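Given the structure of chain V, go ahead and fit chain P onto it with the hints provided.
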Amino acid sequence: MSLLQAEKDSGQRTAGVAASPAITVERLVRRFGEVTAVDAVDLDIRRGEIYGFLGPNGAGKSTTVRVLCTLLSPTAGRAVVAGYDVAAQPEKVRLRIGVALQEAALDPKQTGIELLRLQGRLYGLSRAEIRGRLADLGQLIDIGDALGRPIGTYSGGMKRRLDLAAALIHNPEVLFLDEPTSGLDPVSRARMWEEVRRLNSELNMTIFLTTQYLEEADELAGRVGIISGGRLVAEGSPAQLKRSVGNDLIVAHVDGRAEAARRAVEPLGGVRGVDVHGDEMIISTTDGAATIGAVAVALSSVTPVRHLTLRTPSLDDVFLEYTGNHFTGGQFAADHRQQTRPGGSARHERDLMEVRS
Amino acid sequence: MTTLGITAAGPRDRAVIQARPAHAVRDVISIAGRALRAVPREPGTVIPPVFIALFFFVVNIGTLQHLTQSHIKGFDIKSFMLPTAILLGVTGVSRAGSLVTDIQDGYLDRLLLTPVRRLAILIGHMVADVAIACALMVPIIGLALGLGVRPQAGAAGVALFLLMGCLWSLAFAGFGYAIALKTGNPAAVNSSFLLFFPFLFMTSSYVPRSQLSGWLSVIATWNPVTYVLEGLRSLVTLGWQWAALGKATLSIAAVGVLSMFLCLAALRGGTRRG
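So the sequences go chain by chain: V and P. Residue numbers for the first sequence follow the working numbering, so the first one is 110 and each next one is one higher. Residue numbers for the second sequence follow the working numbering, so the first one is 5 and each next one is one higher.
A few of these clues could be false.
[Stated by the list, open to error] Which residues of chain P face chain V? A few of them, derived with a C-beta cut under 7 Å, are:
#, residue
1, Arg-114
2, Leu-117
3, Arg-121
To be clear, the hints were calculated from the coordinates, so they are not data collected in a lab. For clarity, every value in this text was computed on a predicted model and none was experimentally measured. Yeah, the Cβ is synthetic: ideal placement off N, Cα and C, and Gly gets one too.
Isolated chain V, as found in the complex (with noise of 0.2 Å):
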């Protein structure tokens, strides 16, 4: 390429870098044979920005995360990363972004430092350039002496620091992060956390992160898109999402005709909706402290109460209101949760719709 094209393009992206966002895909869709993995998809990602793309297993977010970076091609839509699009331009898309994905892709036979100085080759970094992120990177890395060791002697942990390295190498404007602390104990999950939370604060990366982990999508994303089947069924802020859920929610563990005791709490004023799940129930309320009395006194003239906790939603009760299936201890669960919301997948779209506007 001639200077004045380089230079051509180089202006072109700068130009378009004020205006776009980091990340633009519509109606994405991918299929595999009969399978559709991602169905119509939207996203609308701001430079700068910590996405969190939350699902259980087999929800979409790997696949999406795949053609996002460039390693499929979309079924169908579109989506433009870095102001690129991956169908077109994938060339372009790779030399902008970074890739840390769910297993930590590396050569167990290679030592570390071998494998970050043949990414930086790739990538056409200078020896001196190589030297310099080596330095800038020998912190993030912190195995010491182990760079110099083959790979496939390093825990887990040092692992997934090393894949985290090996995608900066190159200083990239978009960080594809698939389920980064997926396998790491809780001290080398916050660790990671602190590294995902500075890349965004410090450089202004923006941040696509996949998580089957509520916590984290918490901790981290400022926006949180929840996809379940292929489908993005629920974006917004964590705030956003939880409010959607309701303001606070009255969990009731009774013994027995938990049916009965649902059709007695529901006409209450301030109750939003009730969920029934075996003997637990989730009352979704406008008001708690308001309404937890009446709901005791509801509740106790049907069936006996053997707990009554009010709490404040959490993304689980998001994931549940949308899916109707629970998270559980990162896990995703099935669950054959009764949905007593009157009118409840029109709400959700409403909600849905209110969310992201």
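Chain P only, in chain V's frame:
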């Protein structure tokens, strides 16, 4: 808590350090360098071929030397057997197995996420294969020279002998890469050599083609390995025999074209994003 060292230099770095496509040659050298660095860490991939080649070279000479000397006047079994040992040593030597491991470990995905040219990944491995094949031939030729073999084509002939051996190795390695990319199965790659093994022996590997009889003679006539052996052998036993060298070159090219066609088709399939 560990902190990033990029804090202070971050914005400046971002302005200066930016990814850009590397030159194609640099891509190939980078991939080949990685493949070559892995060789000493996996001695099991190179020691057996050399051992087998040396073993058969020595055993065949020990078995046939007395017989051939007493029955064929002026026949030098050591010179005759050298090309057979070379083809045994370098045929099937490739990094295709490591490519399969890359696919399984997800490392190929990491490479595909970079701007590296897809073809450079393949060529880089093959460049490493040529270097390895060249290195494997050295002890075999060294042993032959030590046993008294004196190539009739001289030093230039030895250089051409090495070159042809490397090119044959490369041509044959294409089948391994095609199988690696098509199947992603290490067992299939390992067995690829066994599949083609008979072709090495249905040739003039032990006796001149004129001494073969029946079906083996017919197969040897159509087997390209025969002409590769005869070309190599001519450099050792006769000197510069252009007809034999030409046929050997054509045979290597024919096998190479076929294997590379299969290889590139598999590469397109293996790296297709659809």
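Hints, verified against the model:
1. Arg-114: holds, 4 Å
2. Leu-117: Cβ of Leu-117/P sits 5 Å from chain V, so the hint holds.
3. Arg-121: violated, 9 Å
Against the hints set out earlier in the document, a violation occurs for number 3 only.
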